[in-house]
Amino acid sequence: MRELFHEIGSSLRQNKLRTALTGFAVSWGIFLLITLLGAGNGLMNSFMGNMNQYVSQSITVEGWRTSKPYAGYKENRRIHLDTKDLSYTQGKDWEGRIRGVITATTGTSLTLTLGSRTVDGWMEGKMPQHLEQEKLQMAAGRYINQGDMDGCRKVMVLSLAQAKELNPDEPEAIIGAWVSAGKIAFRVIGIYHTDEQSWRRSCPIPYTTYKAIYDPSDKIESITFTVEGPRTLEEHQAFEKEYGDAIRRRHSIAPDDQRGIWIDNGYTQNLQMSNASRILQIAMWILGLLTLVSGIVGVSNIMLITVKERTHEFGIRKAIGAKPADVLKLIIAESVSITALFGYVGMLLGMVACEILDKTVGQKGVNIGFEEIKMLVNPSVGVDVAIEATVLLVLAGTLAGIIPAWKAARVKPIEALRAE
Amino acid sequence: MALIELNDINKTYNNGQPLHVLKGINLQIERGEFVSIMGASGSGKSTLLNILGILDNYDTGTYHLDGKLIKDLNEKQAADYRNRMIGFIFQNFNLIGFKTAVENVELPLYYQGVPRKKRHELAMEYLDKMGLSPWAHHFPSEMSGGQKQRVAIARALITRPQIILADEPTGALDSKTSVEVMQLLKQLNKEDGITIIVVTHEGGVANETNKIIHIKDGIIGKIEENTRHEAWQGSAMK
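In the order they appear, the protein sequences are chains A and B.
Every letter in the first sequence is one number past the one before it in my numbering, and letter 67, counting from 1, is 67.
Every letter in the second sequence is one number past the one before it in my numbering, and letter 158, counting from 1, is 1158.
These are computed hints drawn from the structure, not numbers from a lab.
Some hints here could point you the wrong way.
As the list claims (entries may be wrong) - Below, a list of computed lysine to aspartate or glutamate pairs in the EDC-like style, where the Cα atoms sit at most 20 Å apart:
(1) LYS1023(B) <-> GLU1075(B)
(2) LYS1186(B) <-> GLU1225(B)
(3) LYS412(A) <-> GLU1191(B)
(4) LYS329(A) <-> GLU1075(B)
(5) LYS1023(B) <-> GLU1033(B)
(6) LYS1068(B) <-> ASP1080(B)
(7) LYS1117(B) <-> GLU132(A)
(8) LYS1076(B) <-> GLU415(A)
(9) LYS329(A) <-> ASP1080(B)
(10) LYS1076(B) <-> ASP326(A)
(11) LYS1099(B) <-> ASP257(A)
(12) LYS241(A) <-> ASP218(A)
(13) LYS1129(B) <-> ASP1072(B)
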């Protein structure tokens, strides 16, 4: 092995400029591949990260407005889900298919007051499961629990932004304080995270408390549940249609009216997103590989010229005992060495480029109206990609060397010795 | 059995018009002989040398080298036989330009799989024998013709081959150096008993050997036993 490297080393040193030019093509190919994959990953990370704030593995159904007249009703009718829909969903029709049904009330806009400071709030009745479902992160204290629900306790969870408004010096100290909301005072039990840019007004209280104080009707805002069974995108879409049709029938909404109820299907969104990410990834690989192909062709081309120029040398080697396999090995090893060496340089530069992207574009936010998002989050490639790229480089090098090596191995020693 | 035994060797080249180059060569060369094959260009001497060196195939007849039939070998076997049994010395030296003298000498052992250190030691030993130790790490381009040919001789000797085939070994050298190289070959034959076959068209060079085989139009003519060895002053004096 060491001898082989020595052999390669001396022949590469022979032609420094040519080696460098060939190497550049390979470096450039790998550099682009890594940078593209890194940027693609960054884009997906950002996309996923932003979506993850809203998408969970569950389905949420809300009432909306009809867009078509149906069954004697006019269009533009407001649809309200009610507790009968809730018990229907929990009922035996969907037994074994729907689990973890929770519901939330409609909200009330009001002003929260603590001492002389006030802040706007949107009070909603929520259940303990909403913490997970809405992907809230607690900054301090706790979320609503079953005890709060059972006891109809007058407790409230605030957003970090609201806590900062009410108690700027020490937002966390607000836990345990009584905040008045209209005529009623609620005890603050927890604060949930809001990032720097986003402003969230929602201040959840227990569902039961809300129903008892603000809304004795049987109307509810939403029904959220998880499903069992469907796996593929098609199955989830079929399930969504089946459940949606049932609810539309219950509220006399036209079967083809998409506006009557609103179904937020986290499953299909997640599946579509991972599909999109896979397609993006494949596209990046294809683009990168195509660039790399030109590098491989370059190496192959140069190796062909090298073999031609070194015909006489191969003749000497064969005359003094080199077997065809020895010559084959020499050329392929040389090709792999050039590709691998310069490929690694390209890979390193690509990783540096990803770092630079991270430090520049990655740090810039883009305003999308209600909040600011980052274009690229952690644009980098993992160890798996590095390993894949290594395998790819060795394969590419072998591929590039195979035709030239074959030609070299077939050189007849007497003809080669005659060549100058 | 003789070291080299050729029996009715025929060789025809088919490049457009068939060219019958060797027309039934019969030849025996014993171990320890120092012979020359002499002929004009086109006489078939180079073809004969290529066949002897297993660089080329022949059409009919038999060639036994050290008792082994050399016929229809695949490239791998041919390479192996060349490596172990034959040492080549060429007119234009055929050293590899980007390798130093010692690396060139090591190369046949590399293809035998001899470990690096052993190889290097042996190569240094042979270079020393040629009086070239101080030049071991020089590249061929930094050496004179005579030095290059001595490096090539060291490379031919390092595998301890059965025969040394020298193809116009003095063709590219001046007369003084030619004499030196022929003296060296003579000495190797006499002191180490190495069988040497020199192909040449120069009578002066052939005269240094102990047996002169004349080849003409693809057949062997006269075989001279040569014992007189007139003092040869190089090709310039011819």
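Against the structure, test the hints numbered earlier, and report the numbers of the ones violated in rising order. Violated hints (numbers, rising): 1, 3, 5, 7, 11, 12, 13; every other hint is consistent with the structure.
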